[in-house]
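Student: Once you've looked at the hints, dock chain B against the given chain A.
Chain order of the listed sequences is A and B. All residue numbers for the first sequence refer to the numbering used here, where the first residue is 11 and numbers rise by one. All residue numbers for the second sequence refer to the numbering used here, where the first residue is 8 and numbers rise by one.
Note that these hints are calculated values from the structure, not bench results. We put the beta carbon where it would ideally sit given N, CA and C, even for glycine. Honestly, I wouldn't trust all of these hints.
Stated by the list, open to error - Below are the BS3-like pairs computed for lysine-lysine, each with C-alpha atoms no more than 30 Å apart in a straight line:
#1 193(B) - 205(B)
#2 68(A) - 193(B)
#3 68(A) - 105(B)
Said to hold, decoys possible - FRET-style restraints, in silico, Cβ to Cβ:
#4 42(B) - 419(A): 44 to 50 Å
#5 251(A) - 93(B): 34 to 40 Å
#6 365(A) - 57(B): 25 to 31 Å
#7 365(A) - 191(B): 42 to 48 Å
#8 67(A) - 64(B): 23 to 29 Å
#9 279(A) - 64(B): 27 to 33 Å
#10 214(B) - 59(A): 54 to 60 Å
#11 112(B) - 287(A): 39 to 45 Å
#12 87(A) - 177(B): 55 to 61 Å
#13 73(B) - 386(A): 43 to 49 Å
#14 357(A) - 57(B): 35 to 41 Å
#15 87(A) - 98(B): 34 to 40 Å
As the list claims (entries may be wrong) - On the chain B side, residues computed to face chain A include the following (Cβ under 7 Å):
#16 62
#17 65
#18 69
#19 95
#20 98
Single-letter residue listing:
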Amino acid sequence: MPSIYDILDWPGTKWLFLVLGLVMPLASLLTWAERRQSAMMQDRLGPNRANIGPIKLKGILHFVADALKMIFKEDFIPGHVHKGLFALAPILALAPVLIAFCIIPFGPTIYPHAAGAPLDALELAAHPNAPQFADSIRLQMFQVDFGLIFYFAVLTLANYGGTVAGWASYNKWALLGGLRSSSQMMSYEVSMGLSLMGVFLLVGSLEPGYIVQHGWTAELFGQDRWLSPANPLNWLWLPQITALILFFTAAVAETKRAPFDIPEGEPEIIGYFVEYSGIRWGMFFLAEFIEIVFISAVITSVFFGGWQFPFLDPDGFRIGGYMTQVNGHLISTGGTVLPLPHAVVALLQFTAFGAKVVLLCWFQLLIRWTLPRFRVDQLMNLGWKALLPLSLANVMVTAAVYLAFLAFR
Amino acid sequence: MAGAHTHDEHEHDTTGPLVLSVSDKNPKVRTIQVRRPEDQDASYLTATVKGALITAKHFFRNFLLPRRGPEVLGKSGAPPEPSRVENWIETVQYPEEKVEYPERFRGLHRLTLRDDGAVRCVACMCCPTVCPAHCITIVPEESENPGIEKRPAVFEIDELRCVVCGLCVEACPCDAIRMDTGLHAKPVYERGDAIETKESLLSRGIRSTAVQGGEGADWREE
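Next comes chain A alone, as it looks inside the complex (with noise of 0.2 Å):
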């Protein structure tokens, strides 16, 4: 008889209240916020006319009565494409991403019988099988060592939903477009993966949860140096902002969104999704979105800490103090504490995680309102001629200086 806890921890009632329940609404907020935060750029107030009644909230509502609107649309496909395609684009441009969240550590692991007291992190990682820690959660529903190549290998197949658009809508359009979206997505993908590659060096691992709870320090450093992985020197944008910034231009790459955005080319170039309409054309308007929300949660949980508060560990907040080991695992411990009970520790770094990420959100909405649409051939340039190069540099410099440190320690 399974108990309430093994249900919550069940991966998929996680990814129910997590991708469902947090990510879902978080994108299509994105698609109202990106309206507004646009408009402001230009100076102008953008949508803020939605309303039910007197509930106006600044047009929030607009993201329901466009969801409204492409649900009842006519699901209308041309007598000349190839259907079972036409129909299978939309569904693999969407899955693969929301699949790709389960490698994402959304939050620390709760533990529901120590919520009113701070938690005992020498005894957990002293017994971590001890009966009073049966009912952990963890915010993360895939934990594996390759963490981040099954998100490389998973994104990779959303690729597909727009070449496959391109092909089965059987428009010339819409195949160029989708051509053009698969060439992009090969200029980006091996810049995007190499960029990373300085992050394994330095942590060791490709999970982002490792990465999250054990920052650069520990590897690099003796042990008595080790920072607390709440430290925000601890977290990889100081030593891979390289990195940092390399990822980020592959990444936006990745979602097809302008200065990038040669595959849709919305108002001139026609891109792959031309012969789609309503709830269709939808889902891959979702997609993107939550893409954005994805790139952003990647990039928070490798180079920005995940969901660490700045000098939050997990019994408190913590000034000096030092870093032990015990069974493979960090704790922080001395030092001046400041004790919050697990439940208040919880929910600032469940918050901390969702602060960052609506963040880098917002930053990607301002580079994409900021830049005018590449051409095809300063595209292929910094793909090949600067991501790459730079991507592969990184690997080199990151690889020198580790083995220099290692030397020299």
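Tutor: Frame of chain A; chain B shown alone:
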């Protein structure tokens, strides 16, 4: 850095582009060096940062500072000066806030009235004749007033056909039709509802101060 490159023998003009070679047959045919932005900064990083700073400045100013009221935005003419304590949003939210229209703005028609409240129009048919859109229909009838020959029994303007050119106002010899209401044609569900009748035109009517006939209203009696 336009003038930074060294002077070589092919260069003729220091301010123009760098000339790489000149054709032997026609000295006007030259090969010049083109400096594209991407050659100077292949990663576009500085340009991106510069642009993002500008857009972020606009975003935060418009996001954080209070909005300028319609009394500033609604003024006709040049846009208001940028303010330091208010944001730069130019949007006027139309039905609630309205822009102050210029004095000669041509809006919905009106028919003017005589001093006794009767319609001023004498059904001379000048306006339907001059109307390029043929949107004015007048059916004249005999006036009860012996001093006035005719008056309109029917005066209809189809606002869907009207091109708001104002020629009817120009043509009117007795200041009977005007477009100075400052109103827009109202939205309708049925095409027929867009037709302004004599009654609706008169409902917006005002007394005209113009003197009919040019020499005083009672010129016949003199």
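Student: Confirm or reject each hint.
Tutor: Verification of the supplied hints:
1. As the CA atoms of residue 193(B) and residue 205(B) are separated by approximately 16 Å, the hinted pair is consistent with the 30 Å bound.
2. With a C-alpha separation of about 27 Å, the suggested pair residue 68(A) and residue 193(B) falls inside the 30 Å cut-off, and the hint holds.
3. Annotation: proposed proximity of residue 68(A) to residue 105(B) holds, straight-line Cα distance about 20 Å (limit 30 Å).
4. In this structure, residue 42(B) and residue 419(A) meet the distance hint of 44 to 50 Å, their C-beta atoms being roughly 48 Å apart.
5. Distance hint check for residue 251(A) and residue 93(B): the Cβ-Cβ separation is about 37 Å, which falls inside the suggested range of 34 to 40 Å.
6. For the pair residue 365(A) and residue 57(B), the beta carbons lie near 27 Å from each other, so the given range of 25 to 31 Å is met.
7. Between residue 365(A) and residue 191(B) the Cβ separation comes to about 46 Å, which falls inside the hinted range of 42 to 48 Å.
8. In this structure the supplied range 23 to 29 Å holds for residue 67(A) paired with residue 64(B), their Cβ-Cβ distance being about 26 Å.
9. One distance hint, 27 to 33 Å for the beta-carbon pair residue 279(A) and residue 64(B), holds here, with the actual separation near 31 Å.
10. For residue 214(B) paired with residue 59(A), a C-beta distance near 40 Å fails the hint of 54 to 60 Å.
11. Distance hint for residue 112(B) and residue 287(A): a CB-CB separation of about 41 Å, consistent with the stated range 39 to 45 Å.
12. Take residue 87(A) and residue 177(B): their Cβ atoms lie about 56 Å apart, and the range 55 to 61 Å holds.
13. Against the hinted window of 43 to 49 Å, the Cβ-Cβ separation of residue 73(B) and residue 386(A) comes to about 44 Å, which satisfies the hint.
14. For the pair residue 357(A) and residue 57(B), the beta carbons lie near 39 Å from each other, so the given range of 35 to 41 Å is met.
15. Between residue 87(A) and residue 98(B) the beta carbons are some 39 Å apart, a value that agrees with the proposed interval 34 to 40 Å.
16. A distance limit of 7 Å between C-beta atoms decides the matter here; for residue 62(B) the minimum to chain A is near 4 Å, and the interface restraint holds.
17. At a threshold of 7 Å, the smallest CB-CB gap from residue 65(B) to chain A is about 5 Å, leaving the interface hint in force.
18. The beta carbon of residue 69(B) comes within 4 Å of a beta carbon in chain A, closer than 7 Å, and the hint placing it at the interface holds.
19. Taking 7 Å as the C-beta cut-off, the interface hint given for residue 95(B) holds, the closest approach to chain A being about 5 Å.
20. Against a cut-off of 7 Å between C-beta atoms, the interface hint on residue 98(B) holds, since the closest Cβ of chain A lies about 4 Å away.
Checked against the numbered hints given earlier, the structure breaks only hint 10 and satisfies all the rest.
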